[in-house]
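Chemist: One-letter residues, chain by chain:
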Amino acid sequence: MKTRTARALRCSAALAAAGLLLAACGSSDDGGSAGQSGTTSFTGRGPITYVAGKDTTGAVQPVLDRWNKLHPKEKVTFIQLPTDADAQRQQMIQNAETKSDAYTVLSLDVVWTSEFAAHQWIDRLPEQQFPLGKMLKPVVETARYRGGLYAAPASSDGGLLYYRSDLLKQAGVTRPPATWAEMKADCAKVKKLPAAKGVSCYAGQFQKYEGLTVNFSEAVNSAGGVVTDANGKPDVDTPAAKKGLDFLAGSFKDGTIPKEAITYQEEDGRQAFQAGKLVFLRNWPYMYALAGKSKLAGSYAVAPLPGLNGPGSSSLGGHNLALSSFAKNKATALDFMKFFSGEDTARTFLEKASLAPPYTGLYDDTSLARQYPYLPVLKQSILRAVPRPRVVSYGDVTSAVQQEAYAALTGTKSSAQALKDLQRELQKSTAQ
Amino acid sequence: MTDVEIPTGTAAAEARRPSRTPVRGLRTRSRATAGSGRMAALLVSPTLLVLMIVVLYPTVMALRESLYGPKGLDPKTGFIRSTEPFVGLKNYADILGAAGDRFWNAFWNTTFFTVVTVGLETVIGVAMALIMHRAFSGRALVRAGILVPWAVPTAISALLWRWIFNSDGIANALIGHQILWTTEGFHAKVAVIVAEVWKTAPFIGLLVLAGLQVIPNEVYEAARIDGASALRRFWHITLPLVKPALLVAMLFRCMDALRMFDLPYILIGAQKNSVETLSMLAQNEASNVRFGPASAYAVLLFLYVFLVALAFVRLLGADLVGGTAGGRRKRTGLWFPRRAEVTV
Numbered sequence: 102m103k104t105r106t107a108r109a110l111r112c113s114a115a116l117a118a119a120g121l122l123l124a125a126c127g128s129s130d131d132g133g134s135a136g137q138s139g140t141t142s143f144t145g146r147g148p149i150t151y152v153a154g155k156d157t158t159g160a161v162q163p164v165l166d167r168w169n170k171l172h173p174k175e176k177v178t179f180i181q182l183p184t185d186a187d188a189q190r191q192q193m194i195q196n197a198e199t200k201s202d203a204y205t206v207l208s209l210d211v212v213w214t215s216e217f218a219a220h221q222w223i224d225r226l227p228e229q230q231f232p233l234g235k236m237l238k239p240v241v242e243t244a245r246y247r248g249g250l251y252a253a254p255a256s257s258d259g260g261l262l263y264y265r266s267d268l269l270k271q272a273g274v275t276r277p278p279a280t281w282a283e284m285k286a287d288c289a290k291v292k293k294l295p296a297a298k299g300v301s302c303y304a305g306q307f308q309k310y311e312g313l314t315v316n317f318s319e320a321v322n323s324a325g326g327v328v329t330d331a332n333g334k335p336d337v338d339t340p341a342a343k344k345g346l347d348f349l350a351g352s353f354k355d356g357t358i359p360k361e362a363i364t365y366q367e368e369d370g371r372q373a374f375q376a377g378k379l380v381f382l383r384n385w386p387y388m389y390a391l392a393g394k395s396k397l398a399g400s401y402a403v404a405p406l407p408g409l410n411g412p413g414s415s416s417l418g419g420h421n422l423a424l425s426s427f428a429k430n431k432a433t434a435l436d437f438m439k440f441f442s443g444e445d446t447a448r449t450f451l452e453k454a455s456l457a458p459p460y461t462g463l464y465d466d467t468s469l470a471r472q473y474p475y476l477p478v479l480k481q482s483i484l485r486a487v488p489r490p491r492v493v494s495y496g497d498v499t500s501a502v503q504q505e506a507y508a509a510l511t512g513t514k515s516s517a518q519a520l521k522d523l524q525r526e527l528q529k530s531t532a533q
Numbered sequence: 042m043t044d045v046e047i048p049t050g051t052a053a054a055e056a057r058r059p060s061r062t063p064v065r066g067l068r069t070r071s072r073a074t075a076g077s078g079r080m081a082a083l084l085v086s087p088t089l090l091v092l093m094i095v096v097l098y099p100t101v102m103a104l105r106e107s108l109y110g111p112k113g114l115d116p117k118t119g120f121i122r123s124t125e126p127f128v129g130l131k132n133y134a135d136i137l138g139a140a141g142d143r144f145w146n147a148f149w150n151t152t153f154f155t156v157v158t159v160g161l162e163t164v165i166g167v168a169m170a171l172i173m174h175r176a177f178s179g180r181a182l183v184r185a186g187i188l189v190p191w192a193v194p195t196a197i198s199a200l201l202w203r204w205i206f207n208s209d210g211i212a213n214a215l216i217g218h219q220i221l222w223t224t225e226g227f228h229a230k231v232a233v234i235v236a237e238v239w240k241t242a243p244f245i246g247l248l249v250l251a252g253l254q255v256i257p258n259e260v261y262e263a264a265r266i267d268g269a270s271a272l273r274r275f276w277h278i279t280l281p282l283v284k285p286a287l288l289v290a291m292l293f294r295c296m297d298a299l300r301m302f303d304l305p306y307i308l309i310g311a312q313k314n315s316v317e318t319l320s321m322l323a324q325n326e327a328s329n330v331r332f333g334p335a336s337a338y339a340v341l342l343f344l345y346v347f348l349v350a351l352a353f354v355r356l357l358g359a360d361l362v363g364g365t366a367g368g369r370r371k372r373t374g375l376w377f378p379r380r381a382e383v384t385v
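Residue numbers (this note's numbering), protein chains in the order written: chain A, 102 to 533; chain B, 42 to 385.
Calculated directly from the structure, the hints in this document are not laboratory data. Hints may be right or wrong, so weigh each one.
[Claimed, not checked] So these bits of chain A aren't anywhere near chain B, every CB distance computed over 10 angstroms:
no.: 1; residue: Pro148
no.: 2; residue: Leu165
no.: 3; residue: Ile180
no.: 4; residue: Glu242
no.: 5; residue: Gln271
no.: 6; residue: Pro277
no.: 7; residue: Lys396
no.: 8; residue: Ser400
no.: 9; residue: Gly443
no.: 10; residue: Thr461
no.: 11; residue: Ala470
[Said to hold, decoys possible] Quick look at which bits of chain A chain B covers, simulated, 3 or more residues with Cβ under 8 angstroms:
no.: 12; stretch: 305 to 314
no.: 13; stretch: 496 to 505
[Claimed, not checked] Here are some of the chain B residues that sit facing chain A, going by a computed Cβ distance under 8 angstroms:
no.: 14; residue: Phe120
no.: 15; residue: Leu221
no.: 16; residue: Glu225
no.: 17; residue: Lys313
Note that CB positions come from ideal geometry on N, CA and C, so glycine has one too.
Isolated chain B (complex conformation) (with noise of 0.2 angstroms):
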C-alpha cells in the first residue's frame, strides 16, 4: 500500500528535464547543480544545526538518562547520593511489568481523549470556520469571540473550568443536579472534554478558515448553476479542498491531545486515575525526582506520539511539506483520490 502513487508533477518533470537539455551543455549544466548543491546545504545547515540542538540533543539525552535508576540514599551520610545507577532497561521494565496497570491506565485515558476530543474538534471548528467565512454583519465580533478561547492559557482555562464545574458552580446550577465534577470518574472525564474542546476548537476553525478563503468562487457558482444543493456542495466541494488544511490542523490536534497534561492535572487534579494522561505520569516521576522512569515514561510517549504522527501521514495523507505534488492533489479534489488515480 505505501509506493503506489503514480508520479504526477515533479518526478514526470525531472524525467523530462534531461531530455531538454542540450547534450553539449551537460557538463556546465552539472556543474552547477552541484554547486547549487552545495550552496543549499550551506544554506540549510543551520537549520540542521538548530534542529539537532532543539531536537535531536535532548531526543539522545532522554533516551540515555531512560536507562538510569533514581539516585541512591547513602544510608551512612543519610545524604542522595549525587550519581544515578545505570540500570538497563529496567525502567522499561517496571513501567510495563510492575507499574503495568497505571501505565495502561494512562495509555488508554490519553488514547480516549485524543480520539473524543480530536472528533470533536473537528466537527466544531469546521462549523464555527463555515461561520466566520460567512459575510455578514457584525461578522469581525463573531470572530474574534470565537477565537478568544484560543488565546486564553491553558492553565487559566483549567482554573475557570474548575469554577464552573465546582459542586456549587455553574455547570451544576445548569443541570439542576449536583455532579461532583472533580471526584474520579467518567463525569471527570467529560469535563476534561468539554473544556478542552472549548478551547482547541477555535484553532481547527482557525486553520480550516485558512482554507476556505483561497477556494476560489466560481466552483461553487458552476456547482449550483448544475443544481447541487447546498450540503452537495459542503460535502463534494467544500470538504475536499479545504482537506489538506483541516488535515494538518488534525495533525497537530492529535500530537497536542496526545501530549495532553496541563488542563487534567489543574482542572481535575494530580494522580486522579480517571483522567490520568502519559505525561501526568512523567512529570510525576520527574516530580519526585526520578528523572530515569520519566525519561522511560517520555521515551513511551515519543513512540506513540511518532507512530501516531506516521500513521496520520501515510493513512491519511497529510500533506505537510505542501510540495507540488501536494498542490496537485489539491486540485484534483477527492477524500482518497490515490486509489482512483492508480486504477486509472
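So here's chain A without its partners, still in its complex pose (with noise of 0.2 angstroms):
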C-alpha cells in the first residue's frame, strides 16, 4: 500500500519535473559582466558574424561577400534571424545573456540601442572613428545613449505613402492627399471607378507587433500628439493623440482600412498592395524596389505620410550596428562595422534594396535622384521623423502600447479609455 503511494509520487514528481523546462532558463548567476564603460579595447582578428533579421532583398550577401574576398582571414557570417523584430531581440537577449560570443555584430532596430546599451551588452564606440557628421542629425541620435555612441546608423528608415498613381490618375486626382480627409476623399472618388472594384482605401501594419507600435505613434504625432516627452516622459493622454488614435479606429469602422489589415504585418500589407487591393498603403522604403518587380510596375509613387492639418511625421526605423560585448575578434569587428556603415555600403543598399541611406549625401545626390523618385521624399519623411519613445524599458513600453492600440482599433475599448490605460502603463513601465 505504501509502496503504491510512493511509487505515484515519485512517478508524478519525476514527469512534472519536465514542466520546468522553462524555469531552466532563468539564471541568477551574474558573475562579472564585462564591467567596461566607455573603455573597450578592440583587439583581436579572426573570423566574426552579422546577425540581422531575415533580409529579403537578397542584397546582404553580396555584400558580406565584397568584405569575405577582401579579407579571407576574417570572413564575416551571416546569420539570419525571424522577419519579426521582437523575435529578432528576444534572441539577441538571449545572447547576451548567456554571454554567448556567437553574435559579434549586431543590426539593432533603432529602438533597442537604449536597452542594450544600459545593459552592457553592446560595448560603447569610438566616436571619431565614424563619419557622423555626413549623416542626418535624428538618425544619429538613436545610435546614442546617455550621450555615448553605441551603435553606427547602417540605415534609417522612414515610412512612405506607397499609391496606385495610375487609380488616382483615372480619377482626376492630380497629387497625392497631404492629410487624412483628402486621402479619404480621393479613395472615394477612385472607388467609383470600374478599374477600383473591390479595392480597399488604406492599410498599415496593425497585427500586434511592433509595427502597431509604429503605425499608432505615427497617427499620434502625426495629429500633433507625442507619446513619451522630450525628457522621455509619457504624454499620451492628451486631445491630440486622442484624434491619431481616432483616426485609425474611425478607419477601421467605416471600412476606409480594411478587416483583414488587422492581420497585417510589413510583407502582408506589401502582398495586398501588389495584388491590387489597396490604393494606398504605408510602408517602408524597401517595398518600392520588390514592388517595381510585381505587376504593378510603373502604377505606383511615394508621398510622405498624410497627417490631420498637413502632412504627417513618420516613426523613425532603420537599423544601426552594434558590437555585442561578449564577441570575439573585436578589432575585426570594428572595421567590419565601419566598412558595413560607411556610404558606400550605403549606396549598394539603397540601389539594391531601396533601404534609405543615413548619409545627406545620397539623398542629394541628383544622379540617384534621377533613379530613385522616391529618395527626396524619403529625406522629407526622415528630417520631419519623431523616434519611437527611447527608453532603456522599450520592451514593455512597446506591449502597453500594443495592448491598448490594438484594443482601440478592434473596438474592444474607446480610444479615450485606451489612451488613459496606457498612460498609465506607460507611467509604470518607465519609472525606475
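If you follow the hints, you should be able to join the two separate chains into one complex; please do so.
Modeler: What follows is the structure in C-alpha cells.
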C-alpha cells in the first residue's frame, strides 16, 4: 500500500519536472559582467558573424561576399533571424544573457539601443572613427545612449505612403493627399471607377507586434501628439493623441481600412497592395524595389505620410550596427562595422534594396534622385520623423502600446479609455 | 480513498518468501540481500546523479531565483545594476495581485487548451490506432501518412497553419467566409486547437497502436463466439486492454499541453490575450530580462503541472512504472478495477 503511494509520488514528480524546462532558463548567476564603460579595447582578428533579421531583398550577402573576398582570414558569416522584430530582439538578448560569442555585429533596430546599452550588452564605440557629421541628425541620435555612441547608423527608415498613381490619375486626382481627410476623399473618387472594383482604401501594419507601435506612434505624432515627451516622460492621454488614434479606429470602423488589415505585417500589406487590393499603403522604402518587380510596375508612387492638418510625421525606423560585448575578434568587428556602415555600402543598399541611407549626401545626389524618384520624399519623411520612445524598458513600453492600440482598433475599448490606460501603463514601466 | 488496494502480486509474494526460506540459511540470505541492495544503490546512483543535475538543480535554482527581483537601473551611471535584489515572495504576490487578471486569464486558457486538445486527441488518436491496426493493402502508407504530423517540428507546423489561417488562406477559402483567425477572440483558440490536435493526435495513435498489438487475438475470437457485437468488443476488450498505454499517452499529452508555448506564440502571436498560456507569461517576463518574476511564473506552472500529474496517477491509476501489480491489473481488464477488487 505504501509502495503504491510512494511510487505514484515518485513518478509524478519525475514527470512533472519535465514542466520545468522553462524555469531552467532563468539563471541568477551574474558573474563579472564585462564592466567596461567606454574603455573597450578592440583587439583580436578572425572570423566574425553579422546578425540581422531575414534579408528579404537579397542584397546583404553580396556585400558580405565583397568583404570576405578582401579579407579571406576575417570572414563574416551572416546569421539570419526571423522577420519579426520582437523575435530578433529576444534572440539577441538571449545571446547576451548567456554571454555567448556566437553573435559579433548586431543589426539593432533603432529602438533597442538604449536597452542594449544600459545592460552593457553592447560596447561603446569610438565616436571619431565614424563619419557622423555626414549623417542625418535624427538618425545619429538613435545610436546614442546618455551621450555616448553605442552603435553606428547603417540604414535609416521612414514610412512612406505608397499609392496607386494610375487609379488616382484616372479618378482625376492630380497630387497625392497630404491629410487624412484628403486621402479619404481621394479614395471615394477612386472607388467610383470600374477599374477599382473591390479595392480598399488604406492599410498599414496593425497586427499586434512592433509594427502596430510604429503605426500608432505615427498617427499620434501626425495629429500633433506625443507618446513620450522630450524628457522621455509619457504624455499620451491628450486630445491631440486621441485625434490620431481616432483616425485609425474610425477608419477600421467605416471600412477605409479593410477588416483583414488587423492581421497585416509589412509583407501582408505589400502583397495586398501588389495584388491590387489597396489604393494607399503605409510601408517602408524596402518595398519600392520589390513593387517595381511586380505587375504594378509603373503604376504606383510614393508621398510623405498624410497627417491631420498637413503632412504627417513618420516613426524613425532603420538599423544600427552594434558590437556585442561578449564577442571575439573585436578589431575585425570594428573594421567591418566601418565598412558595412560606410557610404559605399549605404549606396549599394539604396540601389539594390531601396534601403534609406543615413548619409545626407546620398539624398542630395541628383543622379541617384533621378534614378530613385522616392529619395526626396524619403528625406522629407526622415527629417520630419519622430523616434519611438527611447527608453531602457522599451519592451514593456511597446507591449503596453500594442495592447491598448489593438484594443482601440478592434473596438473593445474606446480610444479615450485606451489612451488613459496606456498613460498609466507607460508611467509604470518608465518609472525606474 | 488512497490505500485501499488489496495487495495482489508482489506484496503477497514478499510476505510468503521468508517462510519458504530455511531458517538455517537466513543469515546468509540477509547478508546477500544487503549486498545486492548496495549493488543496486551503486547501479542506480549514476541515474540519480543525472536526475539531480538535470531535474533537482534547475528546480531549486528556479525556486531561489523566483525570490529575486529584476535588476534596477542605476540613475547615476545609466547602467543596469549587476545584482538582483532579494524580494522574498513579492514576485508571487504581484502575479496573484497586481497582474492577477493576466495570470488567471492565462491559467484558464492553459486549462481550456489542455482539456479540449487532450480530449479530442484521445478520441481521434484511438480511431487512428484502430485504423492503423487493421490489415489491409496500403497499410504502410496510411501509417506513414498518419504519423507525418507528429514528425513535423511544432514551430514549423505553426508556420504552416499560419498560412492556412491567413486572411486569404485555405481555411477561409474552404469555409467560404472570412474569419480573421489570428485576431483576438474565440476563433484564435479554435485555430490553436485545430493545429495542436492535428499535430499530436498521431502521438496518442502511436502509443495506443503499440497497446493494441499486444492484445491476443484469442480474446476477440472468444468474444465473437459468444456473440459480442463490434461495439461491445471494443468497449469491453479493446478499451480496457489498451487502457494502460492510453493513460500514459494522455498523461504525457496533458503535461505537454499544460506547457504549450510555441504553437500559440507563432500561430497567433505574442501577447494575444485569447491564447496566452502560462508558459508565454513566463517567456514574456524572461524576454524583458526579469528573470525573478519569470521564475515565479515557471514555479507556479510547475506546481500546476505537478498537481495535474499527481491527480492523474491517483484518480485514473495511470501506471507508469509498469511493475508486477500493474501487469496483473492489465489482465484483470476493467476500467476501474480497484473498487471491485476491494468489495469482493
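Chemist: Decide, hint by hint, whether the structure agrees.
Modeler: The hints, checked one at a time:
1. Pro148: Its Cβ never comes within 10 angstroms of chain B, the nearest being 28 angstroms, so this holds.
2. Leu165: Leu165 (chain A) is indeed farther than 10 angstroms from all Cβ atoms of chain B, at 26 angstroms.
3. Ile180: Holds: least Cβ distance 17 angstroms, greater than 10 angstroms.
4. Glu242: holds (16 angstroms)
5. Gln271: Since the minimum Cβ distance to chain B is about 26 angstroms, Gln271 (chain A) lies beyond 10 angstroms and the statement holds.
6. Pro277: Fine: 27 angstroms to the nearest Cβ keeps Pro277 (chain A) off the interface.
7. Lys396: holds (17 angstroms)
8. Ser400: Its Cβ never comes within 10 angstroms of chain B, the nearest being 21 angstroms, so this holds.
9. Gly443: Correct as stated: the minimum Cβ-Cβ distance to chain B is 29 angstroms, above 10 angstroms.
10. Thr461: holds (29 angstroms)
11. Ala470: holds (36 angstroms)
12. 305 to 314: holds (count 3)
13. 496 to 505: holds (count 5)
14. Phe120: Holds, about 6 angstroms.
15. Leu221: It holds, given that the least Cβ distance between Leu221 (chain B) and chain A is near 5 angstroms, below 8 angstroms.
16. Glu225: It holds, given that the least Cβ distance between Glu225 (chain B) and chain A is near 6 angstroms, below 8 angstroms.
17. Lys313: Holds - the Cβ of Lys313 (chain B) comes within 8 angstroms of chain A, reaching about 6 angstroms at its closest.
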